[in-house]
Each structure stands twice: as structure tokens, then as C-alpha cells.
Amino acid sequence: MNQWKMLTLVGADQPGIVAQVTHVLFHQGWALGETSMLRLGGNFTIMMMVSGAESNEQLIEVMQPVAYRLNLHMHVDEISGGLHQHALPNYQIQVVGADRVGIVAQVTALLSEVDFNILELTSDVAGTDDEPIYIMTIQGHSCADLEVLEELLSTLDKDVDVTVKPIEIMFG
Amino acid sequence: MAIRAIIKVPDERLKQLSEPVEQFDEALRAFIDELEETRLSGPGAVGIAAPQVGHFQRIVIVDVSNMRKPVANHGYMILVNPEITHWEGFELGREGCLSVPDYTGNVIRAEQIRLTAQDQWGERHEYEMSGFEARAIQHEVDHLDGITFLDRLVSRRTDLFQRKVYQKKSNKSGEKKSK
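Chains as they are written, first to last, in this note's numbering: chain A, 646 to 817; chain B, 110 to 288.
Calculated from the structure, these hints are not laboratory results. Be aware that one or more of the hints could be misleading.
Ranges of calculated distance between the beta carbons of each label pair, as one might list FRET restraints [claimed, not checked]:
#, chain 1, residue 1, chain 2, residue 2, range
1, A, Val-663, B, Tyr-212, 18 to 28 Å
2, B, Tyr-212, A, Thr-653, 21 to 31 Å
3, A, Ala-771, B, Glu-232, 50 to 60 Å
4, A, Thr-808, B, Asp-134, 49 to 59 Å
5, A, Lys-803, B, Arg-233, 54 to 64 Å
Not everything, but these chain A residues come out facing chain B in the computed CB check (under 10 Å) [stated by the list, open to error]:
#, residue
6, Leu-728
7, His-729
8, Met-815
Note that the structure is a prediction, hence the values are computed from the model and not measured. The C-beta atom is built at its ideal place from N, Cα and C for all residues, glycine as well.
Using the sequences and the hints given, assemble the complete structure.
Written out as C-alpha cells, the structure is:
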């Protein structure tokens, strides 16, 4: 198995980015692993695990034309790790409040006190320019009891609404 | 007794419809023993359906009595020809499947169900259940109709805190359709 690389591409969103990027990868013999592709603030952001026989430099070389054409910033790193290393969350936390500086820092500082391992965090700013709303969803794992987490998060400023819900995965 | 091989996605046989059991004989009971042995050999599965081992009869086993955090349960259930007769409420929850290793996803299921099923001797029973156990039953009964939880996935990013108003809206689309 070839070493996995992390290929990052970011640029102004437009139709066809995924198709053109993956077309080049496919035809140059690169395989995809897990990926994250989403729009952030009008940009399209791509992070994908890619695997192939060639070097970082060769990957950059084959991607350069398409990145240039689509005006995407590109970055490639060798990474350790690989597929089938999913970790399962046992808690989901949702935070909603009027947007202000420091919400993520305050929430995650509290979570780190109980060794809460964040597996996925998505956040968005909704509302309007005048009255922005911050909405954040965190999935992760902690050995702490639900009551402990709730107690901990209850110390947050009252301008944010926090809900903690255990995730009990049903395997059938 | 033997542990059976689990059929995994994308094997087309997982889409096959299972047939009702008509003979309640020793062969059926021997198969059920093997099905249970197979369930227990896997990684923490609370249920298994016969088609998951390539046996296309309407048989499932569910047992949620050994959860780390205990949930309401009816103990070890052998359900032959199970039929869900009533659905109520909707809940989003995370599921995984022996036939889809290394993947979990969110699925909307009825919160409470009533069902009838026969046991390994052909005797008919009625059950009423909710929450985690009801989820497990719905997941397994789906297998009998050729449906895996991948067919019912909602976004992994969808939060688990949907308010009542959204849950009501989803009533119709979440309702199980007979196939």
C-alpha cells in the first residue's frame, strides 16, 4: 500500500471543481480515501486523502494545471495513518448563541478538562450581519458522565445555549 | 453449530426479499442457534437478521439486555415472521451494521412500535417497545425487506437535537412503507 498524502485545495466556489480535480487524479492513477469537501464563506474547501505510486512533487505537478485553471490554492503533505481508523463518538454537543468572539475557545477549553476528544466540529454563522447567530455542533468521545459534562458546560456564559446528548450507537 | 459468514455491502443479496417461515422444525431451530452464535461472534451486535448470513427467511434475533448503559428491553428475542403493526413518534439515532463494517450513520426510526412475531416453536407473541430496542427491531426487520440502514441515512452532520416541530414534519417521510 502506498503512503497516503493529504491534498488540500481551496478557492472561490464555482460549479465543476470536484469533477475537474477528481478527473485529473483518476486519470493520473491516484486513488481517493476519506475526503471532506465543503463550502466555507464562498470558498470551496477540499481536503482529501490520496494514494498513488508517485511522489509529492509529481502529485503537485499533475495537479498544477487544474489548480491554476480553477484558481485554487494547493497544498500536499505526507501523512501517517490510513483508512479504517474511525473513532466512535459517544456525545454530541450543540451550542447556539448570538455570535461573539470566544465561543469555540471557551467551550472547547471546558471539554478538554475532561479529555473530551473532538472527532468532528462544524460551525456556522447564521442570522444577519447585524445580528449574527453562531451554531456549532461537536461530536466526540469522553469517558466523563453526562452529568459531569452538563455541569461543566453550565459554567459557560448564559448568552449561549448548550445541549449535550449521549450518542448510543445501535449495531445490528 | 457453526458461525456463518456475514454478507456485506455491496453484495446484491442484501437487497433480496426474505420469505416467511412455514416449517417450525428442528432445522429452523438449528439455524436460529447458528444465527445467534454468529451474532455473538461479531463486534457487539444487538441484533442480526437471517439474510445477513445468506438465509432468506423472515427470522431476526434482537437482544439489547446487555448494554453498557441499560435500556428498556424484552431480553433475548427470537422473532420469526415479525410484523410491525404500529409506529409512533420519530427519533434520530446512530446505527452501525455487521453488513457495513467500519461505518455508522444517522437514521430516523419510529420511537415506539408494536409488533407480532412467532417464536421458534411457531407460537405467536405480541410486543410493545420503544427507544433503542424499537430501533434495533426496525433495523433488523428492514433486512428482511432487502433494506439496509444505508438506504435510510440522513446527513451525518444533521444534529440530534431536532425540535418537535421538525420531528412532526418528518412523520410522513419516515413512515415505513411495506415493500
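Now the hints, each set against the structure:
1. A:Val-663 / B:Tyr-212: 18 to 28 Å: holds (21 Å)
2. B:Tyr-212 / A:Thr-653: 21 to 31 Å: holds (24 Å)
3. A:Ala-771 / B:Glu-232: 50 to 60 Å: holds (55 Å)
4. A:Thr-808 / B:Asp-134: 49 to 59 Å: Holds: the Cβ-Cβ distance is about 52 Å, inside 49 to 59 Å.
5. A:Lys-803 / B:Arg-233: 54 to 64 Å: holds (55 Å)
6. Leu-728: holds (8 Å)
7. His-729: holds (5 Å)
8. Met-815: At 5 Å from the nearest chain B Cβ, Met-815 (chain A) passes the 10 Å test, so the hint holds.
The earlier numbered hints are all upheld by this structure, with none contradicted.
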